[in-house]
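**Student:** These are the residues of each chain, in order.
Protein chains: 2
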Amino acid sequence: MQIAFALYDRFTALDIIGPFQVLAEIPGVTATFVAEKPGPVRDHTGALSLVATASFDETTAPRMIVVPGGLVDPNGADDPVVRWIRAVHPTTTWTASVCTGSIYLARAGVLDGIEATSHWGSLEQLASLGAVPSAERVVIRGRIATAAGVSAGIDLGLTLAARLAGADVAKAIQLAIEYDPQPPFDAGSPAKAGPEIMELVMSTLHDPAHAE
Amino acid sequence: MQIAFALYDRFTALDIIGPFQVLAEIPGVTATFVAEKPGPVRDHTGALSLVATASFDETTAPRMIVVPGGLVDPNGADDPVVRWIRAVHPTTTWTASVCTGSIYLARAGVLDGIEATSHWGSLEQLASLGAVPSAERVVIRGRIATAAGVSAGIDLGLTLAARLAGADVAKAIQLAIEYDPQPPFDAGSPAKAGPEIMELVMSTLHDPAHAE
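Chains as they are written, first to last, in full-length UniProt numbering: chain F, 1 to 212; chain B, 1 to 212.
Careful, some of the hints might be misleading.
One copy or two, either will do: identical chains are not told apart, so a pair holds if it fits within one copy or between any two.
[Stated by the list, open to error] Listed next, the in silico SDA-like pairs over lysine to any residue satisfying Cα-Cα at most 20 Å (straight line):
{"hint": "1", "residue 1": "K192", "residue 2": "P181"}
{"hint": "2", "residue 1": "K192", "residue 2": "V169"}
{"hint": "3", "residue 1": "K192", "residue 2": "D168"}
{"hint": "4", "residue 1": "K192", "residue 2": "Q182"}
{"hint": "5", "residue 1": "K37", "residue 2": "V51"}
{"hint": "6", "residue 1": "K37", "residue 2": "V72"}
{"hint": "7", "residue 1": "K192", "residue 2": "A162"}
{"hint": "8", "residue 1": "K37", "residue 2": "D9"}
{"hint": "9", "residue 1": "K192", "residue 2": "L123"}
{"hint": "10", "residue 1": "K192", "residue 2": "G166"}
{"hint": "11", "residue 1": "K192", "residue 2": "A167"}
{"hint": "12", "residue 1": "K192", "residue 2": "G109"}
{"hint": "13", "residue 1": "K192", "residue 2": "S134"}
{"hint": "14", "residue 1": "K37", "residue 2": "A54"}
{"hint": "15", "residue 1": "K37", "residue 2": "G130"}
{"hint": "16", "residue 1": "K37", "residue 2": "T60"}
Rather than coming from a laboratory, the hints here were simulated on the basis of the structure.
In this text, all values refer to a predicted model and were calculated from it rather than measured experimentally.
I would like the entire structure built from these sequences, with the hints used as guidance.
**Tutor:** Next comes the structure, spelled out in structure tokens:
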């Protein structure tokens, strides 16, 4: 079973590595990193490149696709990622996204009238593109699975692993990656973090200069 | 402030991407991926390569180092990762590991008589190398920080982000990566998963054929 993990310039690394580390452990799965062209693809910090081993054009029938978020919006309906989703989605068993990866799904027309989620900062944009936004951490509707921001891809991966291989295999993978989270703070959602921490995110972390 | 993230053949990707995604967001941090030679370095699944941009030899004075785990043990005290840790540890502000990365720290002599942790399956080996094993998820002793298996690197990253930049910045990063974990199962530790799931991990997931 081929699972294709999409890469594009300025993607967010944990968005894609979270589900990859879970799903690639399922016996029988072949994981492939796919981009517009094979070769290194730079993440949103600029400090890291992951290597794509196949192009979108040659990856025509993956059983599952996973699209990560990133700091750049897709350039409308003609973005290479959007075109690829539109091409392969009709024959996938699962079409999945993490974080603002759901913006790409929406632009490909996959989420029209469908409940889906995204990073908390992008739910309004998701709605404006025709999806029905949900603040749930993992949303499964039919064969479309979307996860909230960045780290939610691990929860998405485990949810899909259970669907693909059964609950025991999903639990074994959870144990293998020792996913027994103990965050030192409880600030993982806007409601829990409060307005001052939200402001700090907006003002400090995601400025474009830092991303370059 | 330079943080050097170590790579070596058959490292585990989430071990290093978890802390990277947290620590690289701290304003003023320069993240560098380092390996024996610059270029692509293959992960333990064989499906993914991350690109190192600097060699161990030219990375002589990082302020922090983070060493991931992987499926191969270091080849004794002369492993390139072990030699690099021994060279740079004396001048780091923080020396950190995730999962079996602590085995490399131990082989470098950094953990002699020091409390430290590792993947649950490697605590005995850690003890045999002179460390005092702990089952805590994140262990900080002086300037040495070790995390339990794979996903524990995110908790380590947030803990160190608070030490480096204050609790508010750590909380802002937690919110930015929406780290509000909601695993679909509660099987993230041996005690929670039970013996049957542990057996499934040993028998199915980590066989060498799968890793190739």
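**Student:** Decide, hint by hint, whether the structure agrees.
**Tutor:** So, going through the hints one by one against the coordinates:
Taking the closest pair of Cα atoms, K192 and P181 come within 20 Å of each other both inside a single copy (16 Å) and across two copies (13 Å). For a Cα distance limit of 20 Å, the shortest separation of K192 from V169 across copies, 15 Å, qualifies, whereas the shortest one inside one copy, 32 Å, does not. Taking CA atoms no more than 20 Å apart as the test, K192 paired with D168 passes between copies only; the shortest distance there is 13 Å, against 32 Å inside one copy. Taking the shortest Cα distances, K192 and Q182 sit within 20 Å of each other both inside one copy (15 Å) and across copies (14 Å).
Taking CA atoms no more than 20 Å apart as the test, K37 paired with V51 passes in both settings, with 10 Å inside one copy and 16 Å between copies. For a Cα distance limit of 20 Å, the shortest separation of K37 from V72 inside one copy, 18 Å, qualifies, whereas the shortest one across copies, 31 Å, does not. Taking identical chains as interchangeable, the C-alpha atoms of K192 and A162 lie at most 20 Å apart only when they sit on different chains, with a minimum of 17 Å there against 29 Å within one chain. In the homo-oligomer, the alpha carbons of K37 and D9 lie at most 20 Å apart inside one protomer (11 Å), although the nearest pairing across protomers, at 24 Å, exceeds that limit.
In this homomeric assembly, K192 and L123 come within 20 Å of each other (Cα to Cα) only inside a single copy, at 17 Å, whereas the closest approach across copies is 35 Å. Proximity of K192 to G166 under the C-alpha cut-off of 20 Å is restricted to the inter-copy arrangement: shortest distance 18 Å between copies versus 33 Å within a copy. With identical chains, the CA atoms of K192 and A167 are at most 20 Å apart between copies only, with a shortest distance of 14 Å across copies and 30 Å within one. Taking the shortest alpha-carbon separations for K192 and G109, neither the intra-copy value of 33 Å nor the inter-copy value of 41 Å comes in at or below 20 Å.
Within a single copy, K192 and S134 get their C-alpha atoms as close as 17 Å, which meets the 20 Å cut-off; across copies the closest is 30 Å, which misses it. For the homomeric pair K37 and A54, the shortest alpha-carbon distance inside one copy (7 Å) is at most 20 Å, but the shortest distance between copies (24 Å) is not. For a Cα distance limit of 20 Å, the shortest separation of K37 from G130 qualifies neither inside one copy, at 30 Å, nor across copies, at 47 Å. Proximity of K37 and T60 under a CA criterion of 20 Å is satisfied intra-copy only: 14 Å inside one chain copy versus 35 Å between copies.
Of the hints listed earlier, those the structure fails to meet are numbers 12, 15, in rising order.
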